[in-house]
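The chain contents come next:
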Amino acid sequence: MSTMLEVSGLTHQYGQGERAHVAVQDLTFTIEAGQLACIVGPSGCGKSTLLRCISGLIPATGGSVRLHGDEVSGVPDDLAVVFQDYGRSLFPWLTVAKNVEFPLRWQKVSKAERQRRAAEVLESVGLAGVGKKYPWQLSGGMQQRVSIARALVSRPALLLMDEPFASVDAQTRGELEDLTRRVQRDLGSTILLVTHDIDESVYLADRVLVLSKSPAAIVADLAIDLPTERDQIATRESEQFVSLRGEVARLLQSPQVQRTGENAPAETPAATTGTDDTTASDATAASETTAPAEATGAALSDGADTAEAADAAGSPDPTAASRS
Amino acid sequence: MSTTTAAANRGRVLGSAAVTWLVLAAALLLWELVAIGADSVYFPRMTDIIATGADVLLSGPAWRLMLGDAVFEIVLPSLATALGAWALSAALGVALGTALGRSSWAMDYCGTLISFLRSVPPVTLMPAFMVMFGIGVQMEIAAIVFSTLWPIVLNTVDGVRSVDQVKIDTARSLGTPRRYWIGMIVLPAAMPKIFAGLRLSLSIAILLMVVAEIVGGSGIGLRISTTQSTVQYTEMWFWVLLLGVLGYALNTALLAVERLVLGWQPARGDDA
Ligand SMILES: Nc1ncnc2c1ncn2[C@@H]1O[C@H](COP(=O)(O)OP(=O)(O)OP(=O)(O)O)[C@@H](O)[C@H]1O
Ligand SMILES: [Mg+2]
Numbered sequence: 001m002s003t004m005l006e007v008s009g010l011t012h013q014y015g016q017g018e019r020a021h022v023a024v025q026d027l028t029f030t031i032e033a034g035q036l037a038c039i040v041g042p043s044g045c046g047k048s049t050l051l052r053c054i055s056g057l058i059p060a061t062g063g064s065v066r067l068h069g070d071e072v073s074g075v076p077d078d079l080a081v082v083f084q085d086y087g088r089s090l091f092p093w094l095t096v097a098k099n100v101e102f103p104l105r106w107q108k109v110s111k112a113e114r115q116r117r118a119a120e121v122l123e124s125v126g127l128a129g130v131g132k133k134y135p136w137q138l139s140g141g142m143q144q145r146v147s148i149a150r151a152l153v154s155r156p157a158l159l160l161m162d163e164p165f166a167s168v169d170a171q172t173r174g175e176l177e178d179l180t181r182r183v184q185r186d187l188g189s190t191i192l193l194v195t196h197d198i199d200e201s202v203y204l205a206d207r208v209l210v211l212s213k214s215p216a217a218i219v220a221d222l223a224i225d226l227p228t229e230r231d232q233i234a235t236r237e238s239e240q241f242v243s244l245r246g247e248v249a250r251l252l253q254s255p256q257v258q259r260t261g262e263n264a265p266a267e268t269p270a271a272t273t274g275t276d277d278t279t280a281s282d283a284t285a286a287s288e289t290t291a292p293a294e295a296t297g298a299a300l301s302d303g304a305d306t307a308e309a310a311d312a313a314g315s316p317d318p319t320a321a322s323r324s
Numbered sequence: 001m002s003t004t005t006a007a008a009n010r011g012r013v014l015g016s017a018a019v020t021w022l023v024l025a026a027a028l029l030l031w032e033l034v035a036i037g038a039d040s041v042y043f044p045r046m047t048d049i050i051a052t053g054a055d056v057l058l059s060g061p062a063w064r065l066m067l068g069d070a071v072f073e074i075v076l077p078s079l080a081t082a083l084g085a086w087a088l089s090a091a092l093g094v095a096l097g098t099a100l101g102r103s104s105w106a107m108d109y110c111g112t113l114i115s116f117l118r119s120v121p122p123v124t125l126m127p128a129f130m131v132m133f134g135i136g137v138q139m140e141i142a143a144i145v146f147s148t149l150w151p152i153v154l155n156t157v158d159g160v161r162s163v164d165q166v167k168i169d170t171a172r173s174l175g176t177p178r179r180y181w182i183g184m185i186v187l188p189a190a191m192p193k194i195f196a197g198l199r200l201s202l203s204i205a206i207l208l209m210v211v212a213e214i215v216g217g218s219g220i221g222l223r224i225s226t227t228q229s230t231v232q233y234t235e236m237w238f239w240v241l242l243l244g245v246l247g248y249a250l251n252t253a254l255l256a257v258e259r260l261v262l263g264w265q266p267a268r269g270d271d272a
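Residue numbers (the UniProt record's numbering), protein chains in the order written: chain A, 1 to 324; chain B, 1 to 272.
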């Protein structure tokens, strides 16, 4: 198996000086060709930033991204992105068919061929016969199918998806998940999908990367060895699924991910990032009320996040503290 | 159930169109009655005005569909000036607005200047235009272009600036080349705002056409000032009414074009 994507030491910082915000810090991972990998992480941890760096939409402030060996600078040709917000991502002034044909407009593809391929890919996402409609005439789930079709029409080597199913209802979501897996297998594409939904990541993926809270760093890399054929009901009931989901959930709850600081040294001595100073001072000061002591750490994230983090970490705290 | 609702809706729409025309007819009738009551040369009866208008417009030979000389020598040249200048202004304004809107710094430098230019009442500049372009169609075109350009420029800048970030990201991730960017992303996205500017400037174009013609002495404007100074008030009123009709017709035509071009907009639905 060849390596499709190679991310090494990727760091991205928004802004400069005082207002600087490190969204992604020193990420390193690779994705093999033909893999469907999911990245799961808490809200606001820098998942979208990571995808934008990989897709070349923003230049990373550090590290490098290689797509089948070539350094990414600017948007690579054989890469496509599906955004969460299909309503804003589809071009409302184009019909569904024209939207799907869009990426072929400047390729050496004849008009007839373009139309044929658009119809073909629309059919493969279950949307035969709606080509003449405008996007707003379709339901949300159908619109997201259109944007998946548009992303697939030029047969990209790598498909990036940023929380693609976060804005559709549960039923549609399941359908779209199955669609994604089917299309990925049929076309042999490589997909990197970002989500904050644990179930979704386990159900979809061959592999799950768990990110920590901002700045994002990889805390775990799990192989999902569920059978290739998956079923919305049976798979989700299977013991294997349940235990994998539990594992991801525990990882996301872990202090390492939450970065509340205090009990990080107790449970994970090898904390990955440079928050050690904060951690130490917190550990001495803290027993129960974590919020005030968070002040130094809060420079990195906004207030709501911090409070949320403190809450989330609040329940397992007593046991952890007594253990240490 | 749904068919009755649709029928009811259609009934209401038809009703409202009928009511609109009824109100117009009532206004004309009211004019007639007031004019009869007032019995003043300054305020002729509506029936006289319409009869005079028919005389002026429909005095030609049958092979010209009865259209009189006035149509070819007055109305059409005036319209050609207004529409030609407006079209020129639209082309210039969209191009200039796109350039300014795309540039990250140009509006910082030119924004105030453009707002200033737009705020100058164009009518007050007529003497300046006469000095610069002499009296004639050039001066009229210059006056119309100058006064219709800025609304189009500002609306275009606004439209070009407001392209949704997700669409920009999408287009970039789909590898849209630079040379397609303006035509396939920026202008379509800006089109609703551009049309708003075009409609605004169309009414300004008619206004400035008349003013420039009164000052420059040609077309409909000249007829209005001549009939007024030679006490032919009935014909003067006819020309004034004709301007109203022309303005209405042009606006309706532009709306039809807009509906065609912006047919994709959800708010404009396909059932209306
Ligand atoms: N353009 C920007 N300028 C400054 N800060 C930004 C910018 N975009 C994102 N951020 C910050 O970077 C952090 C990560 O943002 P990002 O959108 O990558 O998170 P995310 O994991 O995708 O979140 P979500 O789950 O809500 O989509 C956030 O704290 C956010 O406030
Ligand atoms: Mg995001």
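Honestly, the hints are just simulated from the structure, not real lab data. Quick caveat, the model's predicted, so the values are computed rather than measured. Idealized CB from N, CA, C, for every residue including glycine. There's no promise every hint is true.
Heads up, simulated DSSO-like pairs for lysine-lysine below, C-alpha to C-alpha not over 30 Å straight-line [what the hints assert, rightly or not]:
no., chain 1, residue 1, chain 2, residue 2
1, B, Lys193, A, Lys108
2, A, Lys108, B, Lys167
3, A, Lys133, B, Lys193
Some residues of chain A that are not near chain B, with every Cβ distance over 10 Å (derived) [said to hold, decoys possible]:
no., residue
4, Asp26
5, Ser55
6, Ala80
7, Gln232
Estimated spans, in silico, between C-beta atoms of each pair [stated by the list, open to error]:
no., chain 1, residue 1, chain 2, residue 2, range
8, B, Thr20, A, Gly129, 55 to 63 Å
9, B, Gly84, A, Gly17, 50 to 58 Å
10, A, Ser8, B, Arg118, 50 to 58 Å
11, A, Arg105, B, Gly84, 28 to 36 Å
12, A, Arg155, B, Ser16, 47 to 55 Å
Next on the checklist: Flag every earlier hint the structure violates by its number, smallest first.
Outcome noted: Going through the list in order, the structure violates hints 1, 5, 6 and 8 and respects the others.
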